[in-house]
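Here is what each chain is made of, one letter per residue.
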Amino acid sequence: MNDFTKLLVLLVTSILSNNFIFSRFLGCCPFLGVSNKVETAAGMGLAVTFVMALASLFTWLVYTFILLPLGLTYLKTMSFILVIASLVQFVEMFLKKSSPSLYRSLGIYLPLITTNCAVLGVTLINIEQSYNLLFSVANGVFGALGFTLAIVLMAGVRERLEFSKMPEALKGFSSSLIIAGLMSIAFLGFSGIGG
Amino acid sequence: MSWTTILTAGAVMGALAIIFAIILGIADKKFAVEIDARVPEITECLGGANCGACGYAGCAALAEAIVRGEAEPNTCPASKGEKMARISELMGVEASSKAPVVATLICTGDCETAAVRYEYDGVPNCRIANGLAGGPKKCTWACIGMGDCIKDCKFGAIAMGKNGLPQFNKAKCTGCGACAKQCPRGAITLMPVEAKVAILCRNDDNGKAAKDNCKNACIGCRRCEKACPAGAISLIGKHCAVDQEKCIGCLECTKVCPMGCVATLK
Chain A
1 MNDFTKLLVL LVTSILSNNF IFSRFLGCCP FLGVSNKVET AAGMGLAVTF
51 VMALASLFTW LVYTFILLPL GLTYLKTMSF ILVIASLVQF VEMFLKKSSP
101 SLYRSLGIYL PLITTNCAVL GVTLINIEQS YNLLFSVANG VFGALGFTLA
151 IVLMAGVRER LEFSKMPEAL KGFSSSLIIA GLMSIAFLGF SGIGG
Chain B
1 MSWTTILTAG AVMGALAIIF AIILGIADKK FAVEIDARVP EITECLGGAN
51 CGACGYAGCA ALAEAIVRGE AEPNTCPASK GEKMARISEL MGVEASSKAP
101 VVATLICTGD CETAAVRYEY DGVPNCRIAN GLAGGPKKCT WACIGMGDCI
151 KDCKFGAIAM GKNGLPQFNK AKCTGCGACA KQCPRGAITL MPVEAKVAIL
201 CRNDDNGKAA KDNCKNACIG CRRCEKACPA GAISLIGKHC AVDQEKCIGC
251 LECTKVCPMG CVATLK
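Keeping their order, the protein sequence lines are chains A and B.
Numbering of the first sequence is given in the numbering used here, commencing with residue 1 and proceeding in unit increments.
Numbering of the second sequence is given in the numbering used here, commencing with residue 1 and proceeding in unit increments.
These aren't lab readings, by the way, just hints derived from the structure by calculation.
One thing to keep in mind: the hints can contain errors.
Cross-link-like lysine-lysine pairs, in silico, DSBU-like; alpha carbons within 30 angstroms at most [as the list claims (entries may be wrong)]:
| no. | chain 1 | residue 1 | chain 2 | residue 2 |
| --- | --- | --- | --- | --- |
| 1 | A | 37 | B | 246 |
| 2 | B | 181 | B | 170 |
| 3 | A | 96 | B | 30 |
| 4 | B | 196 | B | 246 |
| 5 | B | 172 | B | 211 |
| 6 | B | 211 | A | 37 |
| 7 | B | 196 | B | 154 |
| 8 | B | 255 | A | 96 |
| 9 | B | 83 | B | 172 |
| 10 | B | 138 | A | 97 |
| 11 | B | 29 | A | 97 |
| 12 | B | 151 | A | 165 |
| 13 | B | 138 | B | 255 |
| 14 | B | 215 | B | 246 |
| 15 | B | 226 | B | 208 |
| 16 | B | 80 | B | 211 |
| 17 | B | 181 | B | 83 |
| 18 | B | 80 | B | 154 |
| 19 | B | 162 | B | 226 |
| 20 | A | 171 | B | 151 |
| 21 | B | 238 | B | 80 |
| 22 | B | 154 | B | 211 |
| 23 | B | 162 | B | 196 |
| 24 | B | 215 | B | 80 |
Some chain A residues judged to face chain B by a derived CB distance under 7 angstroms, without partners named [said to hold, decoys possible]:
| no. | residue |
| --- | --- |
| 25 | 75 |
| 26 | 77 |
| 27 | 79 |
Over 12 angstroms on every C-beta distance to chain B, these chain A residues come out as not near it, computed from the model [said to hold, decoys possible]:
| no. | residue |
| --- | --- |
| 28 | 71 |
| 29 | 87 |
| 30 | 89 |
Just so it is clear, the structure is predicted and the values come from calculations on it, not from any experiment.
Glycine included, C-beta positions come from ideal geometry on N, C-alpha and C.
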């Protein structure tokens with residue numbers, strides 16, 4: 001397989017069969033917390049995509065040029081947390097200055113992403129799979145697209161549920177967790193696609 | 001694991017942390033967004049209820065507009081006296097006060113005086129009641145009295161009176177006009193605080209029909225108009241109205257009204 005085919009395969013697998021939320025169970029807190037409205041869910045997805053791409057890029061650089069030559073690969077989790085946290089802070093400052101409208105639309109989601117485990121997860125998976133720079137960034141973007149798909153789908157379902165009659169005990173998070181489980185089972189059907 | 005390994009690990013993590021800290025520090029200076037110090041201070045001086053009477057999306061938005069010079073310092077109807085003076089001072093302009101207004105109900109058709117068309121037994125909501133065969137009261141200009149305005153008032157200035165009509169607390173009313181905007185009958189208007197007298201009826205029925213509908217209705221007899229020494233009262237449509245700019249507050253009109261709808265405003 002040439003690189004292009006590999007990228008296509010990565011696209012399909014990271015969105016469908018290896019979806020961050022439904023098969024890796026990473027990033028569940030924003031998935032449950034910010035999925036009340038389709039609009040905000042899409043905003044969160046956008047923010048995550050943005051940060052994941054940058055995080056993949058920078059952690060790959062830090063790993064390859066600092067940790068690997070010094071034989072400190074066991075420090076990757078710790079240093080990646082550092083990188084992601086500073087990166088999000090930096091992006092926030094940058095957006096505030098250069099694009100106030102984007103900053104306003106991302107709103108509180110940017111700082112929330114600092115502690116999003118999907119972001120840390122994608123960077124660690126990049127290293128685990130020994131991806132090169134291109135594939136790391138691609139994995140970050142595609143993984144985030146999968147995350148966006150999941151959270152927007154979830155928000156769509158929850159918006160509809162707002163207007164349906166439900167037993168008192170199932171309202172809110174209990175029904176959300178059941179839905180998440182059902183969606184996860186549905187996504188299980190994609191497993192095996194793309195190897 | 002030797003000491004050197006531990007030290008390298010510590011040094012690398014420390015170095016990374018310091019580098020990031022420096023980058024963030026520089027970025028903080030470089031990307032610092034200047035916020036006009038007046039904005040938060042002006043926001044403090046505004047009503048704080050985000051009532052939207054100014055036409056902006058909340059108090060903070062108005063404060064920004066004032067600083068930008070798009071809005072006058074006295075735009076906020078809820079900001080009076082000292083607070084408004086402070087805004088003008090911050091903006092460096094002469095404090096000019098708009099004539100303060102208060103919401104007033106132009107109807108005295110309470111449960112006793114207003115004739116009832118039918119017994120309304122639905123959701124207590126003026127808008128819904130208004131849509132049902134012209135409302136429960138015979139007079140289609142009358143206050144419906146389900147208290148939509150009470151729910152809409154952000155300052156707690158309206159309370160339902162015993163007579164089934166909302167009572168306006170002049171001290172609490174900021175004149176934002178939120179109640180006037182949402183009243184389905186348009187029965188609430190903003191009156192100058194100094195207004196002494198008003199004709200609290202705005203029906204446009206003929207005298208006989210008006211009288212049948214409500215014991216307090218203005219029947220357009222024009223006795224108040226004749227009694228007024230300042231010429232402040234005139235017939236508008238089929239009811240009389242007071243021109244507050246001309247009114248001298250002599251209260252002559254209240255003495256002659258046969259229906260009792262000319263009222264002194266407390």
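To see whether the hints hold, each was checked on the structure:
no.	hint	verdict
1	A:37 <-> B:246	55 angstroms, violated
2	B:181 <-> B:170	18 angstroms, holds
3	A:96 <-> B:30	11 angstroms, holds
4	B:196 <-> B:246	11 angstroms, holds
5	B:172 <-> B:211	34 angstroms, violated
6	B:211 <-> A:37	54 angstroms, violated
7	B:196 <-> B:154	26 angstroms, holds
8	B:255 <-> A:96	66 angstroms, violated
9	B:83 <-> B:172	15 angstroms, holds
10	B:138 <-> A:97	61 angstroms, violated
11	B:29 <-> A:97	11 angstroms, holds
12	B:151 <-> A:165	27 angstroms, holds
13	B:138 <-> B:255	27 angstroms, holds
14	B:215 <-> B:246	28 angstroms, holds
15	B:226 <-> B:208	21 angstroms, holds
16	B:80 <-> B:211	41 angstroms, violated
17	B:181 <-> B:83	25 angstroms, holds
18	B:80 <-> B:154	16 angstroms, holds
19	B:162 <-> B:226	34 angstroms, violated
20	A:171 <-> B:151	28 angstroms, holds
21	B:238 <-> B:80	37 angstroms, violated
22	B:154 <-> B:211	36 angstroms, violated
23	B:162 <-> B:196	24 angstroms, holds
24	B:215 <-> B:80	38 angstroms, violated
25	75	6 angstroms, holds
26	77	11 angstroms, violated
27	79	6 angstroms, holds
28	71	8 angstroms, violated
29	87	9 angstroms, violated
30	89	6 angstroms, violated
This entry does not satisfy hints 1, 5, 6, 8, 10, 16, 19, 21, 22, 24, 26, 28, 29 and 30, going by the numbered hints stated previously.
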